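Visitor: The listed protein sequences correspond, in order, to chains A and B.
For the first sequence, the working numbering gives the first residue as 1, with consecutive numbering after it.
For the second sequence, the working numbering gives the first residue as 1, with consecutive numbering after it.
FYI, nobody ran anything at the bench for these hints, they're computed from the structure.
Hints should not be assumed to be uniformly reliable.
Claimed, not checked - With a cut-off of at most 27 Å between alpha-carbon atoms, the simulated DSSO-like pairs for lysine-lysine come out as follows:
id, chain 1, residue 1, chain 2, residue 2
1, B, LYS234, B, LYS349
2, A, LYS102, A, LYS31
3, B, LYS498, B, LYS25
4, A, LYS185, A, LYS102
5, A, LYS68, A, LYS12
6, B, LYS121, A, LYS31
7, A, LYS122, B, LYS234
8, B, LYS17, B, LYS28
9, A, LYS122, A, LYS68
10, A, LYS186, A, LYS12
11, A, LYS31, B, LYS191
12, B, LYS234, B, LYS77
13, A, LYS12, A, LYS130
14, B, LYS121, A, LYS185
15, B, LYS234, B, LYS121
16, A, LYS102, A, LYS186
17, A, LYS185, A, LYS12
18, A, LYS130, B, LYS234
19, A, LYS100, A, LYS186
20, B, LYS25, B, LYS121
21, B, LYS121, A, LYS12
22, B, LYS121, A, LYS186
23, B, LYS191, A, LYS12
Because the structure is a prediction, the values reported are computed rather than measured.
Spelled out from the first residue to the last, the chains are:
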Amino acid sequence: MSQSAGIPAGIKRHTVGHHFDNAETEFSAAKLGFWIFLCTEVLMFGGLFVAYTYFRTLMPETFEEAHKTLSIPFGTLNTVVLIGSSFTMAMAIRSAMVNKQKQMMVFLTITLVAAAAFMVIKLGFEWPHKFHDGTLPAYWYTYEGLRDVTAPHLFYGLYFVMTGLHGVHVLIGMGLITWLIVLGKKGRFYSGYYTPLEITGLYWHFVDLVWIFLFPLFYLVG
Amino acid sequence: MSTASVPSSVAPQSLPKTHYWNATKGWKSWAFTVDHKRIGMMYLISILTAFLLGGTFAILVRLQLVTPGGALGVSHKVYNQLFTLHGVVMVFLFLVPSIPASLGNFFLPMQLGAKDVAFPKLNLFSFYIYLAGAALAIYSMVAGAVDTGWTFYTPYSITASGSVIAMTMSAFILGFSSILTGLNFIVTMHKMRAPGMTWFRMPLLPWALYATSVIQLLATPVLAITLLLLAMEKLLGVGIFDPALGGDPVLYQHFFWFYSHPAVYIMAVPGFGVVSEIIATFTRRAVFGYRFVAISSLAIAIIGFFVWGHHMFVSGQSEFAGMVFSFLSFFVAIPTAVKIFNWTATLYKGSTRLDSPMLYVLAFLIQFTIGGLTGLPLAALATDVHMHDTYYVVAHFHYVMMGGTVFAFIGGLHYWWPKMTGRLYNEKLARLAAVILFVGFNVTFFTQFFLGLRGMPRRYASYLDQYQGLHAFSSIGSWILAVGFVLIAVYLVQSLRKGAISPANPWGASTLEWQTQSPPLTENFPDTPHVTTGPYVYPDEETVPARRVA
């Protein structure tokens, strides 16, 4: 983290926390902390995936029939949007590392827009269809099409909880990216300090990764 | 240790001019503090308040059980709420955060020679999350209470009236506080150790807190998702835990115990750390088998993740799973016994001083050993079927959690009180209180082993006449306990105002936190300590070759 040349004017130099030896330790502590946090996230989603696996083994026909009601085009579109946003997130970090602050702001904005697009596709186009059909958890389940299989509402219960929790993570990610944009505007990120970018990046890739598991498990695997 | 100037053990005339308590003034300087010591003190006060609340529920439960028909005269529903609230408050608001969040927050950075934890703001944030969780718990008590037991077992918890959602969300929020504290501690130990403080020069409290943090991080998220699913189950009818909707209530139990069994180690292992510190100081020797004691904490953490099924021997899990879990459960006894034997070996021929912290540790050793050994019949399939859901389990659990963790916590509180407050308490009263607690605890809970073996089931508001003698005896014990705790509260509060000024190192301890003034500076040490030896080195100790860790 040398104070390399080429740091534009208007950048606020970062002060290392008083209890750290140096910026190096501070950066690696933040990264270690965030990786540990991601472990807890894996365990949390892990519980849901265990439940999914258990009920899939218990009633494979239900999962086979019910998954056909999900929209593969919307799912695929959302996958593309989210993977794209992971790329622009990584590019935003790269831009900060080489002191291209304007480029960084562009990439962050694209990431935010992509995240919003993901939520709009999900809440604005995909889910209303399900509310209309009644392919919902048990208390609101009114669908007529799946009469031959046991407990189809379980599939939708798991679907809404798992993709819903993922959606909440996307919303939190949007909040974090907005925070990065605000800080970026104030000129806080440069080659010597980009810790918030780095850890939000880690978070965003994690959110992406969860979706990469959810998409095939619900939409594709028959 | 090798700090340049070791403060003397001669009592000074007055408190140091500047210390963490008076460095800044006004309520804002506390509400927005990032000093780990102040946060530790705020946790301590909150946790002791929770203990008072949970203890009050316990006294009411014992009062009801004095006579077969119920001496308290409350309905069975209210009785169910009382023991549920006792359990929830004690587990989630007291035991889980008890030692790590209060004593750990205060002394972990000091024992490492650091200025603070790695993320001081996150530390304060965890405290406010704790308060939010506590507030929600209290709200749920006012808004209908919960009578499910602290385990929230489905399907009853799905259909139960009352504020199950508020209470489970409170535990969910408290879980985040616990996770963030654990995360902070692990990063602190990796990144903030003073120069020369290698892993095997750390005192044993940090080792215990490391193991605890690992469990907090890996187990708590599973509880979080379980409780979230339970809430969703009630709101949306997800159905996976509700047999009426095609779900499986045993799955809930698997999820719940995947957290809650490791969680008993979250509650117990920090106590092991405190005990190790006190034993070293009051025998004036290095803890025998230091490395084994350190590593056994981690071993408990790891093995603890593979034994959850022993809570479900009669819940309808497969016989094969029962056998595997029974077999694995016995393994936890190994690292736990390693600790007990090493502590006993440290006591052997040590220059033991029987000051009040040491009295609590001796009580701990006796009670925790009883608690551990009585767990073995519960891990064995055949005997468990007889004793499951009886008072035997209640007694076993309280021997480990109260006889173990609470005694370690109170012992630690006495041990570090002079460091935290700069004042000494009345030692004679402290010794008296230790004896009262020891007697009260054993009268209360040893009796319950007999109750359980004779067939008294747990969680009943009324019982057959034949159990009355033992039940009444147990209730008398609970009153002795209450007297002991009130006595402690009285002399500790009194010491804050009138206690004699404590020297920096009243016990002649060797770990770093004692090598600075009492109460410490906001920065802990005037200069960064440089460490050259292991944690427990005493100048007057007889030299025994090849034992010391350096």
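Visitor: The structure should be examined with respect to each hint, and the outcome stated for every one.
Guide: Now the hints, each set against the structure:
no. : hint                   : in the structure
1   : LYS234/B with LYS349/B : 60 Å, violated
2   : LYS102/A with LYS31/A  : 25 Å, holds
3   : LYS498/B with LYS25/B  : 22 Å, holds
4   : LYS185/A with LYS102/A : 9 Å, holds
5   : LYS68/A with LYS12/A   : 54 Å, violated
6   : LYS121/B with LYS31/A  : 16 Å, holds
7   : LYS122/A with LYS234/B : 24 Å, holds
8   : LYS17/B with LYS28/B   : 21 Å, holds
9   : LYS122/A with LYS68/A  : 17 Å, holds
10  : LYS186/A with LYS12/A  : 8 Å, holds
11  : LYS31/A with LYS191/B  : 11 Å, holds
12  : LYS234/B with LYS77/B  : 21 Å, holds
13  : LYS12/A with LYS130/A  : 49 Å, violated
14  : LYS121/B with LYS185/A : 23 Å, holds
15  : LYS234/B with LYS121/B : 35 Å, violated
16  : LYS102/A with LYS186/A : 12 Å, holds
17  : LYS185/A with LYS12/A  : 11 Å, holds
18  : LYS130/A with LYS234/B : 21 Å, holds
19  : LYS100/A with LYS186/A : 14 Å, holds
20  : LYS25/B with LYS121/B  : 19 Å, holds
21  : LYS121/B with LYS12/A  : 21 Å, holds
22  : LYS121/B with LYS186/A : 22 Å, holds
23  : LYS191/B with LYS12/A  : 26 Å, holds
In this structure, the hints that do not hold are numbers 1, 5, 13, 15, in rising order.
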